[in-house]
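Number of protein chains: 4
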Amino acid sequence: MFGRRRGNGSEGTVTGRYMIKAGIIGATGYAGGELARLLLQREDVEVVWYGSRSYVDKKYASIYQNMFRLVEADCLDDNMKELAKEADVIFTATPQGLCASLVDEEILSQTKIIDLSADFRIKDVSVYEKWYKLEHKAPQFIAEAVYGLPEINREQVKKARLVANPGCFPTCSFLAVYPLVKAGLIDTDTLIIDAKSGTSGAGRGTKVDSLFCEVNENIKAYGVASHRHTPEIEEQLSYAAGHPVTISFTPHLVPMNRGILVTAYASLAKEASEEEIRAAYAACYGEEYFVRVLEPGVVPQTRWVEGSNFADVNVVLDPRTKRVVMMGAIDNMVKGAAGQAIQNMNLMFGLPENAGLKQVPIFP
Amino acid sequence: MFGRRRGNGSEGTVTGRYMIKAGIIGATGYAGGELARLLLQREDVEVVWYGSRSYVDKKYASIYQNMFRLVEADCLDDNMKELAKEADVIFTATPQGLCASLVDEEILSQTKIIDLSADFRIKDVSVYEKWYKLEHKAPQFIAEAVYGLPEINREQVKKARLVANPGCFPTCSFLAVYPLVKAGLIDTDTLIIDAKSGTSGAGRGTKVDSLFCEVNENIKAYGVASHRHTPEIEEQLSYAAGHPVTISFTPHLVPMNRGILVTAYASLAKEASEEEIRAAYAACYGEEYFVRVLEPGVVPQTRWVEGSNFADVNVVLDPRTKRVVMMGAIDNMVKGAAGQAIQNMNLMFGLPENAGLKQVPIFP
Amino acid sequence: MFGRRRGNGSEGTVTGRYMIKAGIIGATGYAGGELARLLLQREDVEVVWYGSRSYVDKKYASIYQNMFRLVEADCLDDNMKELAKEADVIFTATPQGLCASLVDEEILSQTKIIDLSADFRIKDVSVYEKWYKLEHKAPQFIAEAVYGLPEINREQVKKARLVANPGCFPTCSFLAVYPLVKAGLIDTDTLIIDAKSGTSGAGRGTKVDSLFCEVNENIKAYGVASHRHTPEIEEQLSYAAGHPVTISFTPHLVPMNRGILVTAYASLAKEASEEEIRAAYAACYGEEYFVRVLEPGVVPQTRWVEGSNFADVNVVLDPRTKRVVMMGAIDNMVKGAAGQAIQNMNLMFGLPENAGLKQVPIFP
Amino acid sequence: MFGRRRGNGSEGTVTGRYMIKAGIIGATGYAGGELARLLLQREDVEVVWYGSRSYVDKKYASIYQNMFRLVEADCLDDNMKELAKEADVIFTATPQGLCASLVDEEILSQTKIIDLSADFRIKDVSVYEKWYKLEHKAPQFIAEAVYGLPEINREQVKKARLVANPGCFPTCSFLAVYPLVKAGLIDTDTLIIDAKSGTSGAGRGTKVDSLFCEVNENIKAYGVASHRHTPEIEEQLSYAAGHPVTISFTPHLVPMNRGILVTAYASLAKEASEEEIRAAYAACYGEEYFVRVLEPGVVPQTRWVEGSNFADVNVVLDPRTKRVVMMGAIDNMVKGAAGQAIQNMNLMFGLPENAGLKQVPIFP
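Heads up: the protein sequence lines correspond to chains A, B, C and D, in order. Offset between the first sequence (1-based) and the numbering used here: plus 77. Offset between the second sequence (1-based) and the numbering used here: plus 77. Offset between the third sequence (1-based) and the numbering used here: plus 77. Offset between the fourth sequence (1-based) and the numbering used here: plus 77.
Since the hints were derived computationally from the structure, they do not count as laboratory data. Predicted, not measured: the structure shown is a model, and the values here were computed from it. Worth double-checking, as some hints may not be accurate.
If chains are identical, the list can't say which one is meant, so a pair holds when it fits in one copy or spans any two.
Lysine to aspartate or glutamate pairs mimicking EDC-like chemistry, simulated, CA-CA at most 20 Å apart [unchecked claim]:
#1 LYS200 - ASP395
#2 LYS435 - GLU149
#3 LYS435 - ASP121
#4 LYS98 - ASP165
#5 LYS435 - GLU182
Make the full structure from the sequences, and use the hints.
Given below as structure tokens:
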């Protein structure tokens, strides 16, 4: 009944149509696995390289058994030079520093790169090096790299060779507060972002803090006043505001697999009605497929976006405190990582932006 | 960027191609929501009726907020007569007894019905009435109804007007043990099925036993020696064995949303090697898309099928006890309910059996 | 080996020592069950009344099977007049409004009352009536009632007839921020409290939003800018600050049974070093048994207080924003409800404050 | 308000009463932590040694922050010779093989040992070496060691120098089926034990399979037909039956922290009524404090024993299959490990068997 399945060969075309050849470096991490999951469901993309330094020569489906009989390929290494010759696009879902250490002009002249690490997100290399405690190995490409938040940088993404795919917290934080920052309706000096993340954000590395019994039945903050996504959020908000923005950002670890919820607080910069505030959201997101501004009084919840590329946002005006509470929910693995990377790929290849990304959120 | 979305109107055709018009009665239960989720992702099906007695006139997407902006329809009642005129197929995802109380010859002459309740699963009406403690309101259709396990009854399903979609436990139990029963390799008198289910199987009804704090951090058996899926499993196994089969069946409630795992035990009916046993599985499932016989030593796990229509099965021969341990894992909402219903729909409409059902399992 | 167990009779004394006779109204709610659990482990308290309107005449241990063979009593009604004659102390773990509707001078002249509802927490009856949308039935006792946060009102609690046991969020919020409010180190106009709660806080009532499948794998805010614990927190902080305090308070529902985590943000009112800030905490809590100020850099986590009456707090100074991040963790069922009620009882009866409350937090 | 806390010094006596000095080797594993939790709540025991090879010289409370301010001690190594001079009793909560490699006659002449590993549970050393794939380093003490299931071996435990504390699965499995095995009411050749365990049973070691995202929303079997607790269960059941017993045993991993549920199946050896069957349980457990035979129709659930040393058991007779379904629930960390070890300690020191073990199960 089924013979050869898609995505496990390297046929090049299917029914005469050209297929995008994609390579994944870091394919056995959670974000890499999510890239594979989403790309395998497409008729127009073929994954030609499952890169995983830790599992070279092992069957990919033996690591991610959900792919059993869907992927026949073995894991390969992270030879980006070789991969660049075979792939139209390379996704790097690897620890910070790796992409920057591998990329060069020759590679970029042969293929497109969508980097899911932080290497090219921050324009000021000294800020990167300070927060990430790493020397940047390819600063010459930082200026060229496009910050891949399509809702903001759609046109630049289309033309990019190198896309810096945003972090999960920055994506959710930015989308939740952007309209009011851009409209000048809130005092950015008062902006506080309290974020909550599922545990897949911590990755598949083995450490005591990620064990089931340590995470389950628990909630904690981490990286208080020091989390590395802070400068990324600040940089993007500064562009939106037109002046430097400094925020308080606190992530928390929640006992669930997927999902990020952001609750952000800021004082109004001037008197504004709920209608004016909602109008700012409508103005930014009215035409966006992936950003859903919920109806008044409805709170974003991570379960309603799980498995999808949607970002649900909403805002409440508190007349007692003259503050707004801005909320956003995404699936950190999709809109916060692999889905957004594919959204960027679509733009870079002239495809409909939501191609392969129309999954309805899965519930329960 | 997006205007009218699919699945929220009643346009009839899209790009000139005929669309199957589907109605869901019981659309706000978990299985009904899963039907909507899966059908909304298809280009060739249109949901024309979101039936929900409890939420008539409410926006469907206000009940299942994951559908926000994907479904504009309001909930309708369960007027099957009316619906039969509009729909090519009706899914009834309702409590036991409702479908039987609504169906009649006129309806069946106008539309196809896929009943996700137990009303038409059991051929002997007295067995149904005893285990379900209900009077059957339409026994005249029992003989005609086809038990919709495509891996067994594929050809009959294709021709059916009325499909009895199998229960979640019976689907997983049957697929796990069927090859050895059919091959006569196990002594069915010794067959014991110990099943474990996620909590979505209990439905969306409000009762103390389904509250988060009651289910979380707990495991328990329920319906011990009395669960209503028992006669359904026994009937199907009896057909496979060619003689009456009586089993012990014990379900357990597990603190997770989705998934059923079955662990079944039986003594060998005669000497058999691991190879012979595995050959029986290969013979039954070698051509099946949705049943994956795992490699030796690999156990089925619910996480590897979540969100998909796959059933993963495997078997271990224990030479110490001369028993086999047969295991199966499904997503109870997909292969155990909505996915299998759509698999049946595909067969009934002459479509590829896996149309709209090629979702890669979602992990983590 | 065991014959008669404690706590199931009404013997009055054990080994000649007087036992406190305690009654619980609302004994089958989660907080009521926790009171029973904690009181049963004491040699000096006897529970003489398990009140539960919903389960009158049912065996208490049939509702809470953990008590099987530990409690033989049946559930009684909520006849406080009758109970007042039998009990030295009455705990009311009931919905808002019930305690106020039952209490009168005669009762208070016979027994002590520790009310776990909000009825007597707020001194301004119009504030209570506005936020709780209830008419207060016994406003004449509001002035007399002591807000039972022993770390603040220890001496008044000792003399009280009527204690208003604090809410779970107010307890955790207050303890986390109190030292800096009292010391005048933070600008209370900038105070934002972002709280996260386990699901037991929602109680044992049956509603869709509390079902396992709705809570699991999800996080959401609720009661945004409108949660009824807001005025309670504000009132207590106003006393500490010496001037009216208005805050932003947002609770979130976390998929775990127990625990509250508070993350609070405020701008410094004046330059202050980390040492000065920590000194304020030490000054308030240095002698407190139940409040543990964690070491620098260690975040409070709910798992480390689970099952215990501890409140773990800590603070981080962020020099970039000149804000402090104040954190607190409690078990909402213990320090947030039943444990604190017993702490108050101990004070009211001249017992060591931590009698029966020295449970080591349970992990994992 | 509090000054010196108990359990953190080495004072020897408190208020003139002799205190048992206890040492824990493997104190930073989950079972070791549970021993500490339970022993710290006693007035008559002092923990004098927190042994942890991995964390020597680190503060114990920095590893288990629930102990903050309750334990001041640093971690020590596993020098059992030294410890034997200081301690009245040594608990070894360590991987298999360690206790056997450390113990000698000199040590046993100085102190009592309660070994929570499997080293001394199995009388036939060749069986141990085959299943555990280890050479036994101290076979000379196997005969002397007492299998520490007090409900069976109470008198021998009282006199023992060396107690082999039972495994978690064997404890629960044995207690669930023992009465019917002993009474000869079931055919032991048909005995099948299907067990489900919380994740703390896997220990605190870091491996991918124990990560939150791998365990959460999943259930799987493991060690199918090969789990090392199998021969331990078989040996104890053989003593009860009076003849060799071979069973099928399959453990499963459940997404919860604590708890083991056993569902066991066997055919009746002869006609027996439900009353006769229940009478066998009453005969065995009628006088036992820790084993609670539930009322007819009530299933054991792990939540009702969590945090306690209770084992809840029950049985259902299925007249259709002439099988019994025997069920048992324990907290794997308490009755399955640390609690049972303390129960043994109590017996060895002539204390009431339930001293320090009267915790009411914690719920929710």
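Against the structure, the hints:
Taking the shortest Cα distances, LYS200 and ASP395 never come within 20 Å of each other, neither inside one copy (36 Å) nor across copies (24 Å). Taking the shortest alpha-carbon separations for LYS435 and GLU149, only the inter-copy value of 16 Å comes in at or below 20 Å, while the best intra-copy value is 26 Å. Within a single copy, LYS435 and ASP121 get their C-alpha atoms as close as 15 Å, and across copies as close as 15 Å, so both meet the 20 Å cut-off. Proximity of LYS98 and ASP165 under a CA criterion of 20 Å is satisfied intra-copy only: 5 Å inside one chain copy versus 40 Å between copies.
Taking the closest pair of Cα atoms, LYS435 and GLU182 never come within 20 Å of each other, the shortest separation being 34 Å inside a single copy and 39 Å across copies.
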